[in-house]
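Taken in sequence, the protein lines are chains A and B.
Numbered according to the numbering used here, the first sequence terminates at residue 555, and the numbering increases by one at each position without gaps.
Numbered according to the numbering used here, the second sequence terminates at residue 555, and the numbering increases by one at each position without gaps.
I should point out that these hints are in silico values taken from the structure, not numbers from a laboratory.
Copies of the same chain look alike in the list, so a pair counts if it fits in one copy or across any two.
Listed below are the simulated DMTMM-like cross-link pairs for lysine to aspartate or glutamate, each with C-alpha atoms no more than 25 angstroms apart in a straight line: (1) K248 <-> E438; (2) K194 <-> E310; (3) K248 <-> D258; (4) K248 <-> E526; (5) K248 <-> D501; (6) K248 <-> D527; (7) K248 <-> D231; (8) K7 <-> E72; (9) K35 <-> E323; (10) K7 <-> E189; (11) K35 <-> E332; (12) K7 <-> E206; (13) K248 <-> D170.
2 protein chains.
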Amino acid sequence: METRVAKWWGWGWEDVSLPVESRPALWRYIQERLKVDPGTIRPVVPLESVRVPPCLVSPGEVEQLRRIVGEENISIEDADRITHAMGRSYRDLIRLRSGRIPRAPDVVAFPEDEDAIRRLLEHARRRRYAIIPFGGGTGVVGGVEPAEGGDSAAVVTVDLRRMRRVHEIDVASGLATVDAGIRGPILEEALAAKGLTLGHVPQSWEFSTLGGWIATRAAGGLSNRYGKIDDLVVGLRLVAPAGTLDLKALPNEAHGPDLKEIALGSEGILGIVTRATVRIHPIPQARRFASRLFRSFTDGLAALRGMAREGALPDMTYLSDEEETRFVAANEGLRHDGRGGSGRSLALRILSARGFSLSQGSLLLMGFEGSRERVSHRRRRALGFARRAANLGPGPAHRWHSERFEMPYLRDSLLDHGILVDTVETAASWSRLPGVYEAGRKALQEALWASSGAGLVLCHASHVYADGVSLYFTFLGRQREGAELAQWEGVKAAVTRAFVDAGGALSHHHGIGADHAPYLGRMIGEDGLVVLHALKRELDPEGIMNPGKLIARVR
Amino acid sequence: METRVAKWWGWGWEDVSLPVESRPALWRYIQERLKVDPGTIRPVVPLESVRVPPCLVSPGEVEQLRRIVGEENISIEDADRITHAMGRSYRDLIRLRSGRIPRAPDVVAFPEDEDAIRRLLEHARRRRYAIIPFGGGTGVVGGVEPAEGGDSAAVVTVDLRRMRRVHEIDVASGLATVDAGIRGPILEEALAAKGLTLGHVPQSWEFSTLGGWIATRAAGGLSNRYGKIDDLVVGLRLVAPAGTLDLKALPNEAHGPDLKEIALGSEGILGIVTRATVRIHPIPQARRFASRLFRSFTDGLAALRGMAREGALPDMTYLSDEEETRFVAANEGLRHDGRGGSGRSLALRILSARGFSLSQGSLLLMGFEGSRERVSHRRRRALGFARRAANLGPGPAHRWHSERFEMPYLRDSLLDHGILVDTVETAASWSRLPGVYEAGRKALQEALWASSGAGLVLCHASHVYADGVSLYFTFLGRQREGAELAQWEGVKAAVTRAFVDAGGALSHHHGIGADHAPYLGRMIGEDGLVVLHALKRELDPEGIMNPGKLIARVR
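Next up, chain A with everything else stripped away, as it sits in the complex (with noise of 0.2 angstroms):
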């Protein structure tokens, strides 16, 4: 059993904090470019004065609810209430931190198993009750916290993460049933007394769940290699309030439209994914590292295009623009020559001498895994492609790599700076990268400088295909106090239509939520809205799975 208690407030485990003091280059950098003034400091609200909305479930019901799912398994504190109320964006963040939850669950359930899903569902169904799945709570666009407005006679979060046994693992075939509210670690712990692995690694892998990357379409570091959770996943259970999707894991099959991907990414508006079976592979046997510095995020594009398009990516591929190098650079406090410490000078001489520089260039981390003849001859087809890049060694790269849990506490450390930071995402043709690029840049910093006079914005290439990738932004400014979600709000619709705008993705793997359901007409069209509500009202008749989520109000 897991003792390590989570934030309430903020990002992972309480007992860790990544203060951007500890980095202090990066921290100059950061007020230099930002314009921020290191005096000022946002505290955190203790949680006793947190006010959480009453909860609207009698104490009778509270008992019957208590019989449906089990005597330990339903909970109204509001401790609970808290912690389920919200995912872990920027926006969610700037509320716990200064208390305000303006809505919350009545009650959360901690089921078991299936059979106590099932029963909840009925109860819920009569008594006209929201149901809100939950996994690690680590969404950022708004999929777990309860809607506005709504017709609910109560909201009841289902927190799935009592639900994590290995059901059956077929060694022979590469698959594993498992239960969905399995956390990362959890998992790998028991595929590795295997010797199996399965490979998807989001940043949040600690705290988030089968179902959750299920669930919204999660996609992990190692997707070049594995894909993302969607091509992982071969057979699923969805429990819906009028029926069970029990979908059988075959290796492929012509069975008419595949159901399976109508629970993927079905963001808990159509019913509960339950238990799922997935791919696994067997543990590396061996693991390297490369890092590059190219003469442009131009140039680096073009070696991830060739290596995507002639089956030739790493397993692990990281490419940041020109701005996010800088970043890097200053993270790493310019201290290295990027094999480890030491020699900084020498490499920075040899850098310079050949034309590039950190301050100019775009830095492309790799990794490869498998086999060592695997890693070798991967390596060097990957390596061949970035022949006009300069060679880093594997350090940078094996520092991002283990480091990659720790990161995201910085950005509770940012927040205590008065500092707006938060990431957002998409996907293009490798023909229209350039436009969704510019324009999502360009809205980013217009955003930002607009409503802060300051900001930094960030890119990098992380999930590669043979017709695309994958951007992910970062971008930073500086928080206008008492505007707070206004700002977001502001910088979030602007880059969001950008996005869409330049023909790019509305999102590539954190979802839709309640932040991108007004765009996803744009997407899948005002008919594919329709097919939607028509899955909605088949499986779950009287809306109450999930409302406000992915489609944004049920017709």
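With chain A's structure known, arrange chain B on it following the hints.
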């Protein structure tokens, strides 16, 4: 324009045939195994004597349809009605050859653009015409045959083959946007002009269309490399009676349920796929073949599994079980050593000295393509898993590749001789594979022997995945004269039940159509059927689209 004429009664072009007599050793082998009398001849009736049910559409209405679809684009000719009355399954050919056309479309429409389709669907809704989308007409599961009974006022089959424009080739992204009625060769010609290929080559490739592949979730011989058509389609348009699903081409996205996957495999019951954006690839620079003989099918499957699990699959694999290997050996007349036709006795002596025998072993044909470096690397990796198999050189694989569009013609010749010959296919995870294989084989053998006192059951594995493989059975028996259809129905039902009971797929790539529809609930569950019905109600409220297919009856 195509001037070549297709057979109305059999496979492929009218001017191509493959008489079994041209392969005397094979013919002798079949005679021996099936105890058939070579003198038996079952002729095809002349086209003139085929009676087509009367056309239910009045001359005035035909004029109306001409105004809607185009003057030259409507036919009520018997010849068109016959060639669009059914597909190319054994059952279809038995009926065509004997002139039994129980149901035919009343009208065949050949729209030239999407607007004509929209207008036609609108008109059909008002008139309550059934609409059957028709691509190459090569399907084998009853997907294009007008349904028995039903309450349609008339049946309009919509032949898409005049919609064959290539709208855009985005070379940078490796994407082509193409009309759905385009056939394999026309598409590949357009792509080849830019050095590109789709890489989707089913055995029906010369005749079948992009829309047909999409509607049935087709697989080509290079699926190990390029995937099934499902993996190649990144965007598409489905024109339905009640609306249009227009799904953008993006490299990946998290836009909720993937509605493309609703159109893929929809078999015309939701609407008509009018165009798609597909992934395209550089034309391979090099192509190599290899053939190996394993001691047993089990050994061969273990090698395929090893290759798949280690990412070392050939781009094309074709592993025959012992019975199919004997059949292939008979076909090749044991005349050659697998290296090109000469030196037979030496090769056979070597094989037998090492304990291998073409009458016992399991033949694996492999193909590799791409850049020279890729071909050489992948060939080396794959062959590493076949070290204990006997090397038959490139000959057999190369020959199979050259003849792959020719072999289907053999069926017509076998039918001339009163031989029942058909194919069924499934897929299973590696752990379920032995059970599915044995169950399928046993069901076929028992049913064939019970109905004709003889039988020949061949099997190969040709589409390989990390988690399993497809199995493709070819079976031959003696026709029960006068009861051919009842005989076939018994065999088909027995093997289909066997697959499903043993945990195999109902179909890996032939689809569901009318023949498999009664079993679909076993695969996707009753609630899965309910969801398909909900989709159909939304997109096709009057139920005019391809009634009786995929989901047996609209509730």
